[in-house]
Amino acid sequence: MSLKKVLALTLSISVCMAAAGCKKAPEDAIKIGAIFSVTGGGSNLGAPESKTAKMLVDEINAKGGVNGKMLDLIVKDSESSPEKAISFAKQLIEEEKVFAIIGPSTSGETMKIKSICDEAKVIMLSCAAAEVIVNPVAKYVFKTPQKDSHVAMRIFDTMKKMGINSIGIISDNTGFGNAGKDQLEKIAPQKGVKIVISEVYDKKATDLSGVLTKLKARNVQAVVNWSIVPAQSIVAKNMKQINLNVPLFQSHGFGNIKYAKEAGKAGEGIIFPCGRLLVAEQLPDTNKQKTLLVKYKKDYEAKFNEDVSTFGGHAYDAITILVEGLKKAGSADREKVRTAIENLKGFPGTAGVFNFSPQDHNGLGLDSLVILTVKDGKFVPYEKLD
Amino acid sequence: MLRIRNLESGYGTLRVLKGVSMHVNPGEIVTIIGANGSGKSTLLATVSGILRPAAGEILFGGDSISGLPAEKTVHRGCALVPEGRQIFGTMTVKENLILGAYPARKKLGRDGIKAGLERIYGYFPKLKEREGQLGGTLSGGEQQMLAIGRALMSGPRLLMLDEPSTGLAPIIVKAIFRIISRLRDEGNTILLVEQNARAALAVADRGYVIETGQIILEGSSGELLNNNDVQRAYLGKDYKSISE
Amino acid sequence: MLLEVKNVSRAFGGLRAVDDVSFSVPKNSIKAIIGPNGAGKTTLFNLISGSLRPDSGRVFFNGRQIQGRPPHTIAARGVSRTFQNIKLFHNMTVLENVMVGRHTRSRSGFMAGIFNLPSCWREEREIENRSRGILDMLGVSGLAGMNAGNIAFGSQRIVEFARALALEPELLLLDEPAAGLNMHETAEIAEIIRKIREMGVTILIIEHDMSLIMDISDDIVVLSSGKMIAEGRPSDIQKNPEVIRIYLGEEDAQDQEP
Amino acid sequence: MDAGRYIPVLILAAAVAAVQLFTLATGSEYYLTQLTMSAYYALVIIGLCTLMGYAGQISLGHAGFFAIGGYTVSVMTTYDFSGFSGSAVMGLLGTLGLASASGGELHLSPWVSLAAALVITVAVAFIIGIPILKLKGHYLAMASLGFGLIIYRIVLGTRIFGEADGISDVPGFAIAGGLRVSGSPELRIQNYYIAWTLVIIGTVMLINLVKSRAGRALRSIHGSEEAAMAMGVNASRYKLYVFVISAVFASLAGAFMAHLNGGIGPSEADVMKSVKYVAIVAAGGMANLWGALTMGVLLNYISLRGYLGSYDDAFFGAILIAIMLFAPEGLINPAVMKTAAVRARSLIDSIKKKTGRGGHAS
Amino acid sequence: MAFEQVLQYILSGVTNGSIYAIVAIGFNIVYNTTGIINFAQGEFLMLGGMTAISLSQFMPLPLAILFAVIITSLAGAMIDFVFIRRLRNPSVLMMIIVTIGLSIVIREMALHIWDEKVRSLPYFTGSEVTSISILGAYISPQVLWVLGVCGLMVLLLGLFFRYTATGRSMRACSSNKTAAGLCGINTGNMVTISFMLSAAMGALAGCVISPITQTQYDSGTSLAIKGFTVAILGGMGNSTGAVVGGLLIGMLESFSISVLPMAYKDAISLAILILILFIRPSGLFGSREESALKEF
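Protein chains in written order, with the working numbering: chain A, 1 to 386; chain B, 1001 to 1244; chain C, 2001 to 2258; chain D, 3001 to 3362; chain E, 4001 to 4296.
Keep in mind that the hints were calculated from the coordinates and are not lab data.
Please note: incorrect hints may appear among the correct ones.
[Claimed, not checked] Here are the simulated DSS-like pairs of lysine-lysine, each with C-alpha atoms no more than 27 Å apart in a straight line:
hint	chain 1	residue 1	chain 2	residue 2
1	E	Lys4117	B	Lys1072
2	E	Lys4177	A	Lys204
3	E	Lys4117	A	Lys261
4	E	Lys4117	B	Lys1094
5	B	Lys1128	E	Lys4177
6	A	Lys290	A	Lys261
7	D	Lys3136	E	Lys4177
8	E	Lys4117	A	Lys54
9	E	Lys4117	A	Lys265
10	E	Lys4177	A	Lys375
11	A	Lys336	A	Lys139
12	A	Lys298	E	Lys4177
13	E	Lys4117	B	Lys1126
14	A	Lys297	E	Lys4177
15	E	Lys4117	A	Lys51
16	E	Lys4177	B	Lys1114
17	A	Lys384	A	Lys51
18	B	Lys1174	C	Lys2239
19	A	Lys375	A	Lys288
20	C	Lys2227	B	Lys1174
21	E	Lys4177	B	Lys1106
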């Protein structure tokens, strides 16, 4: 595979300029812009998102498109840089005149282009987690990942059941970690959990034994790690290695089996709330999401030869929601589609069942999350699934 | 030992040597004298392989060494003490000398190198005192001694010296020339390029006069010393005599 | 006395490069410093010009202490120099090199430059005219537009002289001005040095070429291992047994006999 | 005097106007968006070019100054100062019309924040410049890199700077009359002109500087610091001044860019950004203001347009290597373009020779 | 602070410090022969780690590491052949730019060969959960591997540079290239060897630290910056300096965590580095005498 890819690299460098100029798409196709952090700091999110989006659009087009029109997906790699996201958003809106924008992958980028999309009346379906994206609500801005506050609540609820009262938080210095840390700190008092210590580590951190020693010294009853970066597995290993034997909670950022695999034996017993995608097969058949989850998982893993992650799911949801909106509206009229999306109820996605409303542009409830744990290198439900 | 035929060489497109022919017999000191920029150093640089000749032939002991890079020329036994000394400033005197034996390291072996060191310290007792000192901290005269000593370490068949007296105090210059004649007495073959023509001809057997890239005169030291043109151009007692 | 060096010492690590050296240079004279390599001559120059700070001792220029001051202030007072291994600005033309020499004799600052104020224009014209004048005087005005790195070695020396002169120095420090030059060029340099002296500039010179030194200097200081071992008129120095032993060597002393 | 130096500036100005008219005629004004952003980056690059190419001092931390400008402006224009409304300073600013209350919040005028940004930049540049400019070679590179990293860490780790998310919703900057630095599509053309006017003014200033007495002194420092000092040039002061000036250029660009983009993120302070700036200066040919400007606009434009997709960085790295191998004097230089062609051909020949006839380069 | 905690911080500092030191030593090898800083040094670690991970699926771990080291050192040789040799009279700045360019290109190539996912080698001894107790503090056995390899490298390199003909020749090249040629040393080959050697060292280091730090296509860059910091702190070209500098920075970081927010960890260590540079511009162990004799 490698030689082929190297050749592809050289080739694309030489022809990309020309290629960028001459994209071919049917005249009346519905253009959808996507801004993902395919490379750069947020590549853990952007890469599966980009793959999923392309796969899904191909699939839809193969089935004849939406309302008889083909979809034309334009993916831009922002490398997690807000300034690039801004440039791309303007390009997509003004130049490509896209119907809607999927992404960006990170909250920082989303927040920079939130007002741009809103002013231009272009529907944006963000794949970033931070709550500020939909609170306050902007008319044209939606997001598909679960709310941080819900994740935090589920974590605290689980803790209460385990009798844990004082915890230490560590989070990475990405927008994801940032937003999560804020929500944890905000909700902890409501749930009666005391945060003894809260620390932020670098997204490229390679050793966390120092900061965990600091946590250990404060006698925490559990550790919450909120991040999306590879350090998620390092946390688990380091805890075992410095003999910090308390439960480790992670955020939904842990929703990729590769992190659990990386952590190896140290990963056993990690508890984290997550969408149902990762345990799709184990869901009861009555579950509304099961069919689509199983299908997505199977398609993705077959096509890309890698484990599915919840991040790709966010892009999946963004596109299916948009398509559903288009179908409901019956035409590619932005106003109608926007209203249709805003009124979408009981729509199953990978992250949960979406119930949008003019006040809620996320549409996911607490029940969209289930608590999972790692057992024998696999994700299994921590509680009974519904 | 060394025979050069119609050698042309220079830097980039600039041709400095324009057809130089000369030779050095075993056991003799041959000097090349000439003004600044006449091509003396270029000649040595080309023979030693720092520069590639544009045309002509360099035969060393019967084999052609034209165009060989410097490191290979040394292996053939043709060593250059470059202008401006070029010692290893950040290494000790001893290491400098040991590196000099690099081309012959397999032949000499550990004991051979040790013997070589002793031989060099015999020539230059000052170097023995400074054995452990960094080359760059030596005085100019000591550096020149080190450079000569280093070139001798490999036991070269031909030793080429490029302006060994530049920038040195008169007393040091004399010491250097004493060593050169001692080396000749011990049977070494030397090709000497010097600005200080008088001193050079005093130790040399034969000499060539080079001007703007061409040999204009050759002969034994005695002949050259007595040649009127040479006297006027290069042996002026001091710079004033030429303006008269 | 234009320059007075009093008990100046400077050590590097354990090595005493300049050790308690005292001498003085009267106005409008040429004083030479000779000595074996490593005797501390260039270090002494650096101590006078401010590139180095003496460990002890004092240096007076025009009666004011200058030791330990940064080189640019010493230059501004009227001390200019050349370097043993010519240090021209290779990224600039010959004319620009000389124009840098006018730095202390002009005033436009950063802001004036950025906004290209009219006061700059006048000054620039003045700097350029003076610089061309100096190149003219030294007979190298033909090189003005050439890149300083691309001219012949001998010409580089002369351009360095021009640059040093552009500063309108009272004292000029020349560090081995004849090193690497042939007889013709050395003669030319001697001529220039004499011309400079006629302009009323005092000169302190380091040089190995004994014939040049004997010819032009009024006074000679001999250094060895950082210490001053002799000072006097050239003819006396040539006969000084200590100097012969350490520096000149036997035959040479005889050679130089007039 | 010497009006000739301004001819290229006039050509640039004409080109700027021509591009705008062309986009207007062809209905492709959207290209101006990225040209405006590129112009601000070019402002950083010409400042850095003066520091590196003319004064010979490398700085691998210039994104830090861009960030100082951008973040100061962003924080001060979005921060609610109502908590200080009683203070004398706020009162003074209010009477001067530099602070205004709206919706219960008290906000400072962008002029105040811009002034603050520049003051902070100058102060930081002085404080950091005095010691680091004493260093040379790799040590200077490391120290400036360290400075850049420290700024990056600070903006990434501090709540008031928005940590990883940066700062959003920075208001536009009403300069005067109807002029307003902001990203809204209606103001695109005037913003294009605002940015390019800044670039042109900056270029004129730097051209003046380079050709002045001070500029000559700077170049002499590059040539030989020791000789420059012997000629009376106060090398440390001149290096410091030019460092501060280039920092101000970067900071100014950052401040305007924050208004244009309505925010700033930590990626602007990233070390990779600093490296890019340095590389672009090198690509333009070091002591070549026009080369730096051209490459600055061109490369940033390509990157911001996303022409290279995920190969943006790879392309950039490849350009760096290629320029150093084939045209170390920079691309914008006719003599060099010729030798580049020759070198490239000889490289191809040697590869062909090594691999036999028609062999593959891989 | 309790004794166990102090010890735990020390151990954590030692873990990171020895990783930094290992990277810094790689910088020093190339620097010592060529006088240039190879900013792509970090990429050697990444390449070594990634190659070993890929190979370990087909062969036993020691063999995979061996092959990874060989492959990476060949890559090092290739870098010299294709790029470094073609530069004529490179300045310090040019070398900085070329090697930065190389580091970007290698990283991007790795991204397109191995994608963005994080991987790691298995623990050489024990597993993720094994931990050794030392006086009440705990440490992963892999750290001992890192320390051992680091120590061994310093020792062997020191002996190599001082006592072998090749080592001495490499130093001669860094001191004076022309003179080295005149001594019969093939300077071009020495540069190639130094690139191979530093690539091999980097690859080995990349393998040893992979279980601890994990390996990703861009993990080289941040390690390179740390390694460079440490190399400068210790004094360029000085292996002992690199180890001491590495441990110092490691400790500093680990103790700074104990009192300050971790977010500022890097800023603190860099600020201290800059401070040290002001006081001692040649680094802690750099000989001033020697740095004065270097050409730039």
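Tested hints:
1. Lys4117/E <-> Lys1072/B: Given that 27 Å is the threshold and the Cα spacing comes to 49 Å, the pair is violated.
2. Lys4177/E <-> Lys204/A: violated (39 Å)
3. Lys4117/E <-> Lys261/A: Satisfied, since the Cα-Cα distance of roughly 12 Å is no more than 27 Å.
4. Lys4117/E <-> Lys1094/B: violated (52 Å)
5. Lys1128/B <-> Lys4177/E: holds (25 Å)
6. Lys290/A <-> Lys261/A: Holds - the C-alpha atoms of Lys261/A and Lys290/A are around 24 Å apart, at most 27 Å.
7. Lys3136/D <-> Lys4177/E: holds (22 Å)
8. Lys4117/E <-> Lys54/A: Holds, because 19 Å separates the two Cα atoms, which is no more than 27 Å.
9. Lys4117/E <-> Lys265/A: holds (19 Å)
10. Lys4177/E <-> Lys375/A: Status violated; Cα separation ~61 Å.
11. Lys336/A <-> Lys139/A: With a Cα-Cα distance of about 13 Å, the restraint between Lys336/A and Lys139/A holds, given a limit of 27 Å.
12. Lys298/A <-> Lys4177/E: violated (61 Å)
13. Lys4117/E <-> Lys1126/B: It is violated: about 63 Å lies between the C-alpha atoms, which goes past 27 Å.
14. Lys297/A <-> Lys4177/E: violated (60 Å)
15. Lys4117/E <-> Lys51/A: With Cα atoms ~14 Å apart, Lys4117/E and Lys51/A stay inside 27 Å; holds.
16. Lys4177/E <-> Lys1114/B: holds (25 Å)
17. Lys384/A <-> Lys51/A: The hint is violated at about 32 Å.
18. Lys1174/B <-> Lys2239/C: With a Cα-Cα distance of about 19 Å, the restraint between Lys1174/B and Lys2239/C holds, given a limit of 27 Å.
19. Lys375/A <-> Lys288/A: Holds. Lys375/A to Lys288/A sits at ~26 Å (cutoff 27 Å).
20. Lys2227/C <-> Lys1174/B: holds (23 Å)
21. Lys4177/E <-> Lys1106/B: The hint holds at about 22 Å.
Checked against the numbered hints given earlier, the structure breaks hints 1, 2, 4, 10, 12, 13, 14 and 17 and satisfies all the rest.
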